[in-house]
Structure formats: structure tokens, C-alpha cells
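Trainee: One-letter residues, chain by chain:
4 protein chains.
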Amino acid sequence: MKRFALIGAAGYIAPRHMKAIKETDNELVAIHDIADSVGIIDSYFPNAKYFQEFERFERYVDKMRRGGTPIDYLSICTPNYLHDVHIRFALQNDMIAICEKPLVVSPWNLSILKEMDGLAGGKVFSIVQSRLHPSIEELKKKMVHEHGVCDVTLTYITTRGDWYLYSWKGNEKKSGGLVYNIGIHLFDILSWVFGRAKENVVHVYEPRRAAGYLQLEKANVKWYLSINQGDLPNTDSRMRRSMIVNGEDIDFTTGFEDLHTQSYQNILGGGGYRPSDVEEGIRIAYDIKQSKPSGVRGTVHPLLKQ
Amino acid sequence: MKRFALIGAAGYIAPRHMKAIKETDNELVAIHDIADSVGIIDSYFPNAKYFQEFERFERYVDKMRRGGTPIDYLSICTPNYLHDVHIRFALQNDMIAICEKPLVVSPWNLSILKEMDGLAGGKVFSIVQSRLHPSIEELKKKMVHEHGVCDVTLTYITTRGDWYLYSWKGNEKKSGGLVYNIGIHLFDILSWVFGRAKENVVHVYEPRRAAGYLQLEKANVKWYLSINQGDLPNTDSRMRRSMIVNGEDIDFTTGFEDLHTQSYQNILGGGGYRPSDVEEGIRIAYDIKQSKPSGVRGTVHPLLKQ
Amino acid sequence: MKRFALIGAAGYIAPRHMKAIKETDNELVAIHDIADSVGIIDSYFPNAKYFQEFERFERYVDKMRRGGTPIDYLSICTPNYLHDVHIRFALQNDMIAICEKPLVVSPWNLSILKEMDGLAGGKVFSIVQSRLHPSIEELKKKMVHEHGVCDVTLTYITTRGDWYLYSWKGNEKKSGGLVYNIGIHLFDILSWVFGRAKENVVHVYEPRRAAGYLQLEKANVKWYLSINQGDLPNTDSRMRRSMIVNGEDIDFTTGFEDLHTQSYQNILGGGGYRPSDVEEGIRIAYDIKQSKPSGVRGTVHPLLKQ
Amino acid sequence: MKRFALIGAAGYIAPRHMKAIKETDNELVAIHDIADSVGIIDSYFPNAKYFQEFERFERYVDKMRRGGTPIDYLSICTPNYLHDVHIRFALQNDMIAICEKPLVVSPWNLSILKEMDGLAGGKVFSIVQSRLHPSIEELKKKMVHEHGVCDVTLTYITTRGDWYLYSWKGNEKKSGGLVYNIGIHLFDILSWVFGRAKENVVHVYEPRRAAGYLQLEKANVKWYLSINQGDLPNTDSRMRRSMIVNGEDIDFTTGFEDLHTQSYQNILGGGGYRPSDVEEGIRIAYDIKQSKPSGVRGTVHPLLKQ
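Quick note, the sequences are listed as chains A, B, C and D, same order.
Just so we're aligned, residue 18 is where the first sequence starts under this note's numbering, counting upward by one.
Just so we're aligned, residue 18 is where the second sequence starts under this note's numbering, counting upward by one.
Just so we're aligned, residue 18 is where the third sequence starts under this note's numbering, counting upward by one.
Just so we're aligned, residue 18 is where the fourth sequence starts under this note's numbering, counting upward by one.
Derived by calculation from the structure, the hints in this document are not laboratory data.
Treat the hints with care, since some could be wrong.
Straight-line Cα separation of at most 35 Å, DSBU-like style, residue types lysine-lysine; simulated pairs [unchecked claim]:
#1 D:K322 to D:K190
#2 C:K191 to A:K306
#3 D:K190 to A:K36
#4 A:K66 to A:K159
#5 C:K66 to B:K131
#6 B:K36 to A:K66
#7 A:K39 to D:K190
#8 D:K190 to D:K131
#9 C:K131 to C:K159
#10 D:K39 to D:K158
#11 C:K80 to B:K215
#12 C:K190 to C:K215
#13 A:K309 to C:K80
#14 C:K66 to B:K306
#15 C:K157 to C:K80
With the sequences and hints as input, model every part of the structure.
Mentor: Shown next, in the form of C-alpha cells:
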């Protein structure tokens, strides 16, 4: 049984990590969040110690290590721009880091993580749960034997309310913006399945939606990413994730619930994705963020024409 | 349709208010919390505006009022010691206040609320949802015809993990401590059903449990309140709420889910509980907080003898 | 003797208000700041109550009012974007508001203040201490008899380090940016002395400097505003404030130390500047903020040509 | 020239460190404080980078180190309970730590610092400027030749207003309370000059004053520590520090202004005080904090009898 600590316990994604630690039969011994709305922990590890201040959390982690009961893993669920700092904190305290996506906002911080991970012999892991989705895994396998360049139309809509733009997620300096928060799934899958980016054209780049054309080694992709309810066919649906590959529609709207646990199983079993494995998706997101949108022209996603 | 604002949106209890507003066919137009983990709002009112800073929330509320689209109600889910301030904020902005229990920590702040509520003609309401529990309502009705003094043993155990003491709930200055956070239900029901307190003896007063003997007009009560898992028969159960009245066991462990909606229905329908209606429960909690525990002696709750 | 409260006590400008309250023989009874570095108060009013939370400050203010020892004035030294909210707080609690410049960031919030001030019969005052500088006062008097249009070159350099951009002052949403934080002095003086703006051309608008050409009723003004050390002739000097009016150089670099006290004396003596009196300066700053800089062309300030 | 970073830049004591860095001809390159009232830096190092978030500060420190321009020293001016954590942060980033007194609140955290300091070969230094006061240095020298046990009456009064108790300094968990914040000077000097404590009796222990009797190897000390204005002879004086040793009055009320610079000179010159050197003073403060005050009885300080 491994001992875990978790940072960012009051946020949206933390319960998936708590569940994954529980379901892999490990123990969460300490949590930290500057917000104290962490009651959810009682459903998983009521005995976990809670620290509202980072400094006190650090002291506890250090004390455990000195006292011969070290914490083995640190699960990181903090805002994106803090990820690399908290990964460094993990390594300095001899913990293996399991970090939410995206690992970093700026590629140069990824370089440092790659270096640190290399020196540590592989102690930095990124959650990229969408790679584990059965539909995506199947597609990945299929593409091994594919030698042509596919035609792909990717639609990724997952609605968020007004609050989104006023939380850290809406702050580009803290989150990287929409193409990081949510888009990173899309760009990570695409580069994992279809290879590196050769051309990256951005048509629209707005706080609540973005779209573009991406030429990868094995695919030409028209992508559309949005958190607007208006982009869905009706007000009942909240989400749509679909990829049309050479005319075949792959729907992966559902089925994400257990992928964190599976991610943990992989990491604990000697697998998992390290910084160099997720680099391309981050680079694509970064390039999009830095681009000057061209407007709706050229090869655009069907939803843009409406 | 009434327009609501809600303050304290990231906390544990806020979703019950969102649900109540939804289920009573009203609209939540603005939420505030200093923590931005408020994504839950998307399940209820994705169009609600979110403000991380109180000052910006105030400006919005004021602007709506001046602009002819005033907000009618303010739902208050903030830490206990802020309740009276936020109720004042509601009244100053012509909103009716619906506030989580306990209305205040210190009785003298309740006096001010009573005065303000009186002057405003009834605009301050307290959520005391346990009064609406069918078992408790039935007991209340029964007691109207009861002329003797009942013998009551009240056991109220609802487990909380380590985090509890390190959140605002564990800070006596902010929450009032266990007898306010959780105990207020117990003392509110007791005084509502059995009348005012005549004697109030505290046997044990600890951060995670308290017990005592309470003599009310119509009942002599041995009470036991705890958040320790060890007080429950096994590790699977998380909660136990029971009252033995003259030998009859009334279990109200379950059935609390919809009581916020019912509370809202009452308030919107012209009923609801105002400051003077909840005064006695708060006074009992306050007296317990100020008491010097006597230790386990005299007429004590059965769990204390173990 | 009047009773004052002060909000924003840990900031840079608060000691001038404390001094002014002291020197006008009044008493500061309560201060608030979310930062607790407020030890400076001991040099002025060691008995003043300190509140780290706004809510507790509000409760104290309210309690004083109900208890018959109301607070008469609220001195407001908070970040710019909070000014209008805190002025509203003052009025709702029957306090007269003395607010740091600029009164607001957005002109529409000024409209509300004007309305509130009017309804309250004059309870909102803005500190615009540079109007009280002897050189400026003299110029103002002289201009009464001036019927032509003056030629003015205004240079306003006051250095700030790297921290400036990373504090709230560097955040345009919170401060309005350089043309508000520091520039407001410049635009306020100009409009007070030379009348309303007829044309407003912006040449340069950067986080650390701005420049433009302003046509007022009685002056054509080339202005240059900067916080860069490099704009000063040597590294020893920290500041330069000068206005060349029809060839005559008016230097007002020094002499600002006691102007807050004088501002207080005026307000307490029945004078002082109300929202409508400071409107034009704010409007000019706002127009500059919204402008699209033209680059260095046309009638530019001499420092721009270098 | 050495490169410094400083943490806790908005607080009361930080300017003394800035001055010391300046006066020892070194450079302050980066500062951190969660409060952004750090404009004072402009008087010393306007080019220093400012970080409002610890995480961004950490990233900068780490980046400098990797980039070949490491930061040599970290000056620590944070609240007491964070000192050991920030010292650890210094060492993990190859910086020498110069920390404000008291080094820690709890002696067991000092043990860890001693161990870390030992392993690092002497990289942890405590500011204990009162040891450098000429009057105290002289006394220390004199005591080398003293073989008897002195009779000492120590009076240490330095007034603080109402804010003190509501800042972190008034929070025993964060500061250790009065005997740490201010008293540490007193106990540090005493143990440095007169040797280890043999008996430690506490007569009074209140938030704003404390007094007791301390038997050291070479002195029997009646001490009195207070922040109450009422303990000074008149309202004009703010401070009184005096030690009567065998009837001779040593006044050290003034003369503290330049001792930080001198402390820095010592440390930079190979001297300075390390964790083991300041242990006894902290232990005495801790014992006092844990004691049960006896009330005014036995050998008490003259001010207690009044």
C-alpha cells in the first residue's frame, strides 16, 4: 500500500483522484487546499489530515519523511500555472508526482520538468485520461497500420456557465485559457494518434470557443472547441465529443468516469505518461494561444460556417 | 418568478439552495464566493453571474436594483459568523434574506436581527429544515396534547474527518463550534417541540463531541452529539439521529434531502421562520458554549457511561 | 471632534489620512485592511480598533451607529475599483465618505455616485490634493483672467519599480492603469485649470508610460506621463513634475506632503470636492484608456522625440 | 556582490533587511509577499522583481539557479510559524537563509533546523540583533569575568495598539504570542549573557503582558514584558528597555536602528548566529508559553506589585 498526499483538494477534479487512490487500494494521508470546502474527503479518506496553508502541508510532508513514514506520491490538482512548482515540490520531498493535465502552460517549463524527470529516473506523471478511452485506444491501434493521411473533423463541446471566465480557468495567465483547460484533451489525443503537428492554423480564438485547422503527420484536422450551450443541438445536452475520421463517426461523449482510476493503475504498474510523452499536445496548445486568428477562411470546421 | 442571489456558493450546503430555487421555479441570477470552485452552478443555473469578490457582487446587486430589475431574495450560505452581516447586506439592498442555520453565533447579534426584521416587516428567514422532517413534525403535533414532562434521550452522531477541525467549522470564533454547526439542529428541534430551557447542564464539551442534560418545559433531555466515527456501531455507517421519547424510538437519520426545497416553499408561500422563531435554540447553544463542563456525573446520556 | 473609520489601512497612502485626521484634531476609531501590516497606526491612533475582515468591520460600524456613538466619516484608501462600493458602504451607514483619487475607474459608476451624493445632500468627497498645491492654485487664479488658449507642456515622471506592474496598480481592471493611478492628478489639474476636453489624442499608451495631446477650452497640452527611471536625467532623482505654460516653467515636484491635511480641513470646513467636481478628469483618463494610440506623430511631447 | 531574495517584503521588519543588503553592498533581486503593499522597495532596490504568489517566486528562484545566476541568500521576514518552512525552501534551492527571530515557535522544529544546518555546513542564520547592542555586548564581556550569580531586574515595554492582537502576532498558533514576538529578545539576551535556565517561574501570562522569575546559571532575573501604554510613565514615551544588574541600570531603549546591518556584516563575514546558538532563548520562551502562571507571588518584578 502506497501513501499519497493530494494538493488542490477542494476543486472539481480532486474527487476523481481520491476515488482512484481508494480503488487502487492505497491510502491518502494528507490533503491541502487554500479553500476549506474539502468535506468530500470524508467519502474516501476521513482520516486524511487537512492543511489549509501550503507551508503547514510542507512541514507535515517533511516530517513524515524524516520520521520514517514517507509519503510516496503527490497527486496534483491545482490550477495549471502551479503544476510545475508543485511537481518540483514533490521531487524535492522524494515523492512521485501524478499531475493533472496540462502539465504546464509554457513549454519552457516543460523542458525543466523533462530534465528533472530524467534525473529522478521517472517520477513525473501526467494524467491524460482521454488516451485511455476505449474509442480512442481503438483508433490509436488502427492508425498503426494506416499509412495515408486521414481526414478528421473534431467537435469538442462541453458547456460551462458564466462563472468559468471569472474563475482561474478564465484567466489566461493562470490556466492558459480554453485551449489548455479543455482543449488539451483534444490536442493530446490528436498528436498521440496522428503524430506531430506540421501546420497549425487558428480560425477563431475567443474566451469561450476556438477553432482551427491542424495538419498532423497522419491527419488533416478541422477542430472546433466550445463551452457555449448554443453550440449544442438542445438545452438538455451538456456535452458532445466526436471525431469523424475518414467519414466514420467516433463518439466519445461518455465513458470518462473511471479513467482516472485506470490512469493510476497504469502509473502504479510501471506505465503512465511522463513529460516527454505529453509534450506535443502542449506545444500545439501553446502555438494556438500565440497565434493570430485568421478569421473564418480556408478549410474550416462545419460549425464555423453556420 | 422571483430573482435570487446566493452568497457562499462553493460550500457544502449551497447546492441544496440552488436545488430549492430551481424546484420552486425561481431563478438564481448571481452567486458569490471567494473560492472559485463553483462549477456546481452549471447543474442548476448556468447563466448565473459569478463574482469572486464581495465588492463586485455588491455592485451588481446595486446596479440591478437601480436598473429596475432588482434581486428579490438573497440566499446566505456563508460561515456562521458572517450571517448577520450578510443579512444586513440583504436588507440594505431591499432583498429578503434566507439564511442558513444558525442565524448568528452570539445572541446579541440576534437581537439586532430581530429589530431589523421587525422594522422591515418580516424579511429575515432562517433555514431550520429539521423542523420539517416528518418524524419531527409528527412529534411536534403530538406534544400539543401532552401535558406531562417527557423523558428524552437524544443521540446525534454525524461523522466528520480530520479536516473539520481545521476548516472554519472547527474555529469557535467563526462557527461557534460543534454545538452550533451541527448541534443547532438538535437544540432547535428540542426547544421547538418541548419549550424553553429551564436548566442546562453540560457534561462534556470537546471539539468533536459534547453531551449534557437539558431541562425544558416539557422534557428532560439527555443529549449526546458527536462527529466521531468511533461513536457509531460500525465503520460503514456515517450517521445516526435518534430521539427516544418516553421509551419510543424516533429515528430521523434519513429524510433530510428535500427539506431545503420545502423550507423555500414555506418562505415563498408566506410562512417560514423568522429570527424570533429560532431564538431559543441559539440561546441554548450559546449557554452550552459558555458553560464549564461538569464531567460525567449526574443524569448522563448512556453513551457517556461506556 | 469627529469620529473616523478608515478602510485600506495597510497601503501606501493611508498614513497621510491618519496624519490628516490627527492634525485636524479628530479621532480614528476603527481601521480595516485584509493585510495585517497595520502597525503604522500606532504612530497616530494606537487605540483604533483593527479588523482584518470587512464583515467584522461592518458589524462594528453598525454597532456603533445603533449604540449611539456613530462614526461620522469613512476614509477610503482601497484599490481604485473598490472605491464606489466603499462609498456606498459609507452612505448606507450614515457616514460621510472621503475617498482617495480616482473616485472611480468607469464613468458610469461615477454617475451613480453623483446621484447618491445628491440624494444624501453632499456626503461624498474626493481627495484631489494636487489642486491645493500652491503653484497650481496660483495658476488657477491667473487663468481666470486669461482669455486666450495657452500652450502647455506637461511632464509628470514619478518612478516605480518592477513591483508596480504586479501589484493591483498594474492590473487595469483593478486600478484603471497608469493614467488613473498617477495620471489622474495630471488630468484633474488640467481640466480644473483649463476647462473641458475638446480633443484627446493618445500617442503612446504603455503599462509604464503614456503620452498624448489634449485640447482643452483654454489650453493645448502636450503631456508625458511615466514611471520609468530612464526618463529622468539621473538615477538620483526619483520624480519630476513640471508644467510649461506659455513658456513659463511651473515646477511642482515637491510640496505634496501636507496637502492631505489641507484637503481634510477643507472638507471638514464645508468645502471639498464632490463627485461632479472631479468628473472631467476621470472622463479624460477613461477616454485615453479606451483610445487606440496613434504612435509618435502630430503634436507630440518633446520627450517622445528622443 | 551577493544576490539576495527576500520573503515577507510588506511587513514591518523588511525595510531593515533591505537597508542591510544595501549597506553591505549587495543586491536584492527578488521579493515575495502575499500583500502587494511593497512600494518601500523602491527606496532600496527598484529593480527587484516582485512576486505576489509563493509559487511564482519559487519558479523564479529555481530558474535563476538553473540559468547560472543563482540567488545566494534568502532573507526571511515572514510570520514566525512559517520560518522553518522558508528556511527549508532556502536550503533546497541552495540559498543561505538569514531569518528573523524567533527562528521557530516549537523547539522540535528547531531540532530539524539544527540537523539541516549541520548537514549543509552552516547555512542557517538567525537575526538576534539585540546581542549586538553596545550595552549588551559590554555586559556580555563583563560577565566572562563574573563568577557569582547576579541579581537582575529586566523591564521590557514596547507599546502596541489594538491591532496587535488581531494580526498574526496576536495569534499564538502563528506567532507563539508575546513571549516570542517581543519577549524573544529578552530571553535570548539573558541566556546569551547569563547562561542556561535552571528555573523558570511564570507569574503572569496575558496576551499583552507577561512576567516571571528566571534562574539562570549566572543570574536570578525578575522580568516584566508588556505592550501596554499604561506601563510607561507617560503617554509620550513608547518604549522602555532596561536591565538592572546588581544595582547598575543598563538602558538599551535606543540604538537598535543599525543592528540589522551589523548582523548582515557578521554573517557575510563568516560569523553570525546559527540555530544551535539561539536554542536556549527559544526553549525559555517555549517553557513560559507552556507554563501555568502562578499569579503574583514569590520573587516578583517591581511593576507587578503596583
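Trainee: Now, for every hint given, state plainly whether the structure supports it.
Mentor: Structure-based check of each hint:
Proximity of K322 (chain D) to K190 (chain D) is assessed by CA-CA distance (about 31 Å); at most 35 Å being required, the pair is judged to hold. A threshold of 35 Å between alpha carbons decides the hint, and for K191 (chain C) with K306 (chain A) the separation of about 25 Å falls inside it, so the pair holds. Restraint check for K190 (chain D) and K36 (chain A): the C-alpha separation of about 33 Å stays at or below 35 Å, so the hint holds. For a cut-off of 35 Å, the pair hint linking K66 (chain A) to K159 (chain A) is broken: about 46 Å separates their Cα positions.
The suggested pairing of K66 (chain C) with K131 (chain B) holds, with an alpha-carbon distance near 27 Å, which does not exceed 35 Å. Simply put, K36 (chain B) and K66 (chain A) have alpha-carbon atoms about 31 Å apart, close enough for the 35 Å limit, and the pair holds. A C-alpha spacing of about 33 Å is found between K39 (chain A) and K190 (chain D), which places the hinted pair at or below 35 Å, so the restraint holds. Between the alpha carbons of K190 (chain D) and K131 (chain D) the distance comes to roughly 22 Å, so the proposed pair stays at or under 35 Å and holds.
For the proposed pair K131 (chain C) and K159 (chain C), the alpha carbon gap of about 29 Å is at most 35 Å, so the pair holds. With a CA separation close to 30 Å, the supplied pair K39 (chain D) and K158 (chain D) stays within the 35 Å bound. Taken as a hint, the K80 (chain C) and K215 (chain B) pair is honoured in the structure, with Cα atoms around 30 Å apart against an allowance of 35 Å. Distance hint between K190 (chain C) and K215 (chain C) is fulfilled; the C-alpha atoms sit about 27 Å from each other, no more than 35 Å.
A C-alpha spacing of about 56 Å is found between K309 (chain A) and K80 (chain C), which places the hinted pair above 35 Å, so the restraint is violated. The hinted pair formed by K66 (chain C) and K306 (chain B) meets the criterion: a straight-line CA distance of about 26 Å does not exceed 35 Å. Between K157 (chain C) and K80 (chain C), the direct Cα distance comes to roughly 44 Å. Violation of the 35 Å bound is thereby established for this hinted pair.
Consistency note: the structure conflicts with the earlier hints numbered 4, 13, 15.
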